[in-house]
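> Protein chains in written order, with our numbering: chain A, 1 to 105; chain B, 1 to 675.
Calculated from the structure, these hints are not laboratory results.
Remember, predicted model here, so these are calculated numbers, not experimental data.
Even glycine gets a Cβ: it sits at the ideal position worked out from N, Cα and C.
Be aware that a few hints might be false.
Stated by the list, open to error - Chain A side only, calculated, beta carbon under 7 Å to chain B, not exhaustive:
1. Val-51
2. Gln-55
3. Glu-62
4. Ala-66
Stated by the list, open to error - Here are the in silico distance ranges between beta carbons for each label pair:
5. A:Ser-44 <-> B:Asp-224: 34 to 42 Å
6. B:Ala-294 <-> A:Gln-78: 29 to 37 Å
7. A:Gln-78 <-> B:Arg-160: 26 to 34 Å
8. A:Ser-44 <-> B:Ala-338: 39 to 47 Å
Stated by the list, open to error - Stretch by stretch, here's where chain B covers chain A in the computed footprint (C-beta under 8 Å, at least three residues):
9. 24-37
10. 77-91
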Amino acid sequence: MAEVTEHKRWLQLPPDCSIASIRQVYETIREAFSRNDRLEIDCSAVDKVDVTSIQLLLSTAETGKAQGRPVVLTAFSQSLRNTLRRAGFSSEAMIDQHFHKKDGA
Amino acid sequence: MSSMDPTEAFRQEASELFETLEGALLDLGLRPDDRELVDSAFRALHTIKGSGAMFGFDRVAAFTHEFETAFELVRKGEIKPTQELIAVALAAKDYIRALIEAPDSADSIIGDAILDDLKRFVSPTAQVLPVGSNADIPPVSESRPAGWQLRLEFESHILRNGSNPIDLLDDLCKLGPCFVVPLTDGVPLLDELEPEDCYLKWDVTLHGACDKAAIDDVFMFVQDEMKLTLAQVERAAPVLAMPIADVELAAPPAPAPTAASVPAAAEPAAPSERKREEPRRTEERGIATVRVQAERLDELMDRVGELVIAQARLSQLAAVGSDLSIKMIAEEIERLAASLRDTTMGARMVPIGSLFGRFRRLVHDLSRDLGKPVEFVTSGEDTELDKTMIECLADPLVHLIRNAIDHGIEDTETRAAAGKTEQGRIELQAIHSGAQVLVTVKDNGGGLNTARIRAKAEELIAPGAAMSDHEIHQFLFHPGFSTAQTISALSGRGVGMDVVKRTIENMRGSIDLSTKAGEGTTVTLRLPLTLAIIEGLLIRVGEGRYIIPLPAVEECVELTAEDERSRGRNFLNVRGNLVPFLRLRDILDVPGAPGQHQKTIIISTGETRVGLVADQIIGNHQTVIKSLSKLHSDVTIFSGATILGDGTAALILDVAQLVALAQSRAEKQQMSEAA
Numbered sequence: 001m002a003e004v005t006e007h008k009r010w011l012q013l014p015p016d017c018s019i020a021s022i023r024q025v026y027e028t029i030r031e032a033f034s035r036n037d038r039l040e041i042d043c044s045a046v047d048k049v050d051v052t053s054i055q056l057l058l059s060t061a062e063t064g065k066a067q068g069r070p071v072v073l074t075a076f077s078q079s080l081r082n083t084l085r086r087a088g089f090s091s092e093a094m095i096d097q098h099f100h101k102k103d104g105a
Numbered sequence: 001m002s003s004m005d006p007t008e009a010f011r012q013e014a015s016e017l018f019e020t021l022e023g024a025l026l027d028l029g030l031r032p033d034d035r036e037l038v039d040s041a042f043r044a045l046h047t048i049k050g051s052g053a054m055f056g057f058d059r060v061a062a063f064t065h066e067f068e069t070a071f072e073l074v075r076k077g078e079i080k081p082t083q084e085l086i087a088v089a090l091a092a093k094d095y096i097r098a099l100i101e102a103p104d105s106a107d108s109i110i111g112d113a114i115l116d117d118l119k120r121f122v123s124p125t126a127q128v129l130p131v132g133s134n135a136d137i138p139p140v141s142e143s144r145p146a147g148w149q150l151r152l153e154f155e156s157h158i159l160r161n162g163s164n165p166i167d168l169l170d171d172l173c174k175l176g177p178c179f180v181v182p183l184t185d186g187v188p189l190l191d192e193l194e195p196e197d198c199y200l201k202w203d204v205t206l207h208g209a210c211d212k213a214a215i216d217d218v219f220m221f222v223q224d225e226m227k228l229t230l231a232q233v234e235r236a237a238p239v240l241a242m243p244i245a246d247v248e249l250a251a252p253p254a255p256a257p258t259a260a261s262v263p264a265a266a267e268p269a270a271p272s273e274r275k276r277e278e279p280r281r282t283e284e285r286g287i288a289t290v291r292v293q294a295e296r297l298d299e300l301m302d303r304v305g306e307l308v309i310a311q312a313r314l315s316q317l318a319a320v321g322s323d324l325s326i327k328m329i330a331e332e333i334e335r336l337a338a339s340l341r342d343t344t345m346g347a348r349m350v351p352i353g354s355l356f357g358r359f360r361r362l363v364h365d366l367s368r369d370l371g372k373p374v375e376f377v378t379s380g381e382d383t384e385l386d387k388t389m390i391e392c393l394a395d396p397l398v399h400l401i402r403n404a405i406d407h408g409i410e411d412t413e414t415r416a417a418a419g420k421t422e423q424g425r426i427e428l429q430a431i432h433s434g435a436q437v438l439v440t441v442k443d444n445g446g447g448l449n450t451a452r453i454r455a456k457a458e459e460l461i462a463p464g465a466a467m468s469d470h471e472i473h474q475f476l477f478h479p480g481f482s483t484a485q486t487i488s489a490l491s492g493r494g495v496g497m498d499v500v501k502r503t504i505e506n507m508r509g510s511i512d513l514s515t516k517a518g519e520g521t522t523v524t525l526r527l528p529l530t531l532a533i534i535e536g537l538l539i540r541v542g543e544g545r546y547i548i549p550l551p552a553v554e555e556c557v558e559l560t561a562e563d564e565r566s567r568g569r570n571f572l573n574v575r576g577n578l579v580p581f582l583r584l585r586d587i588l589d590v591p592g593a594p595g596q597h598q599k600t601i602i603i604s605t606g607e608t609r610v611g612l613v614a615d616q617i618i619g620n621h622q623t624v625i626k627s628l629s630k631l632h633s634d635v636t637i638f639s640g641a642t643i644l645g646d647g648t649a650a651l652i653l654d655v656a657q658l659v660a661l662a663q664s665r666a667e668k669q670q671m672s673e674a675a
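All chains should be built: construct the whole structure from the sequences, respecting the hints.
As structure tokens, this is what we get:
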């Protein structure tokens, strides 16, 4: 089960961010988005990743940008990095550009 | 043939050295002052370089030499290994691995970039061209392989079906070096996002010449749920060397990097970053294939064999008991054991093309030495056989091909006189036929000289004895039999064809020989797919139970009273065709009277059909083949034994031997009747 820990502006994504759990992750991010003017998402625990997870993170980053509310993704897990690389996001610069990843994350 | 290919030996050795090298480099990141680690990394590099040169991996040797040279300052202690340097050294290691494991995908541009980085890090003052300058991009005139430009657009529901576009990208990368650009502009904002829908698209540049069919194969199962736009690029753009940021900007609108999120140094570092990605990706792709020692596969097959035997015992116990739940479990285990058996046997299958390749050189050399121009044609290289069979098949094929060139193909004058092309032709073919693989060696030479074989055979048998052509040709398989008038280095000593026959029969296969004077000879080897577990037909003769390999069984018929009365003639009338039959009770010397309803199992090897009369047909049996001991080496009608569900043993009948025996008896009978 997807479980998202929330501390005010800080979210930790659950290990399973695959299509099996993506809707729950999506709902939690939306809810957190609605209650905060800025958001920091910790991706360190993410283990199961697929296209749906990448799209959700892209959409979250873009939504923050469109609404003028900063969204920062931090601590990308190795699993997330691997899947991003396989999907063509093959350099840090590219990942930063698309996901607004926090420096050093 | 069990000796390891030297190239393969080098690959295995290198694989271990890479582990050492990687371990040393990673530890060096933690303990930069540890001289022992630097030395350990150097030793590994030096061995890779030396062995690489020895086994013909020249690119590996050259690159590793450059790597060593660049790293020399670290060895001398003049430069400390920084994290950046370790990262580049690891990329260099990955590149060397790619050069060894997939040399076609290891672009030298990547190697050059890694070396440039390495030099930059070990010698900051060295004259290195700025990264991203034209130096990284090959000149336009440089010959580049052809490639493909693809756009992948999937239907929105595709992810819900379990399809994974990332797996497809991985498969695409197996076809050649790929440059993948994700197109993110279709991903909506959160409010419009359906999280299970697919919005991402990809542009892929696939480098290297590969068939469109290979690309289509990748998308075979999703082709109705996607749009694949494909364009061939005659000259692949020097895109690998392009800074990733440039490529990304060229793609449809992407979010601009924010000042906070992109470190200033990130952009200049991007080109080499991208280049270093390639070997890493090769390594990731390697995960799809795991190299396993052949002995482990043999062990696995043995275990599966034991499991199949234990499962047969369980099924038998369940069948006689009345516990339904045990019966259900027994059926489930039977299904799983059969599935495991098939999977394990599949893992042992090797394309026969790996064997065919080595005969090209043989034909080339023989053709030159004998002055006979020969065209060598192979087909069916994708046909798969158990790895053990492939190993066993090499020697027989060498003999057959040598014989075909030395004795089969005529010299150019003779061919010209016979109105044939000057160039002879040898075809080596493999095809699946039911549960067998047929390997044929066909030549378009002069065919067998039956009269000469007979004349030579009369040194062994009574002159003038009645013999069919088939029987006469069988003398070719006798030890020491040769009709060659001269003994050459290649053939003529009479050693070879008997070895071929014995080897093939040891593999539970059979050998057919057909020839036409003036047109050539075809030798067909019929081989089972595996040597370990077969489907068998379990029969009873007297109190004993025997296995007949199921692929050889054509049909089962009842032995009628009329057939019974024909005792002495031993021919069966099967729908108007006379088929010779053997009474297994007679052959196996079983005492007592036969049962009232005897059955005849019609077996065949190639063109020849023979009936075997048994007391009872018990049914199909998964047969785990156990070899007979040396004490039974002179018993020819059994090819092995197996253990039945009740723990007793059953002997496996050697179909080829029984057919030969029946055929010989039938021919003798026909001739004595004719006389």
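> If a hint holds in the structure, say so; if it doesn't, say that too.
Evaluation of the provided hints:
Hint on A:Val-51 holds. Least Cβ distance to chain B is approximately 6 Å, under the 7 Å limit. Below 7 Å, beta-carbon pairs count as interface contacts, and A:Gln-55 has one with chain B at about 5 Å; its hint therefore holds. The restraint placing A:Glu-62 at the interface with chain B holds, with a minimum CB-CB distance near 6 Å, inside the 7 Å limit. Satisfaction of the interface hint for A:Ala-66 is found here, the shortest Cβ-Cβ separation to chain B being roughly 6 Å, below the 7 Å cut-off.
Between A:Ser-44 and B:Asp-224 the beta carbons are some 39 Å apart, a value that agrees with the proposed interval 34 to 42 Å. The supplied range of 29 to 37 Å is met by B:Ala-294 and A:Gln-78, whose beta-carbon atoms lie about 33 Å from each other. For A:Gln-78 and B:Arg-160, the Cβ-Cβ distance of about 27 Å falls inside the hinted range of 26 to 34 Å, so the restraint holds. For the hinted restraint 39 to 47 Å between A:Ser-44 and B:Ala-338, the CB-CB distance of approximately 45 Å keeps it satisfied.
Counting residues of the stretch 24-37 of chain A whose C-beta sits closer than 8 Å to any C-beta of chain B gives 5, which meets the bar of three, so the coverage hint holds. Counting residues of the stretch 77-91 of chain A whose beta carbon lies closer than 8 Å to any beta carbon of chain B gives 9, which reaches the threshold of three, so the coverage claim holds.
No hint from the list above goes unmet by this structure.
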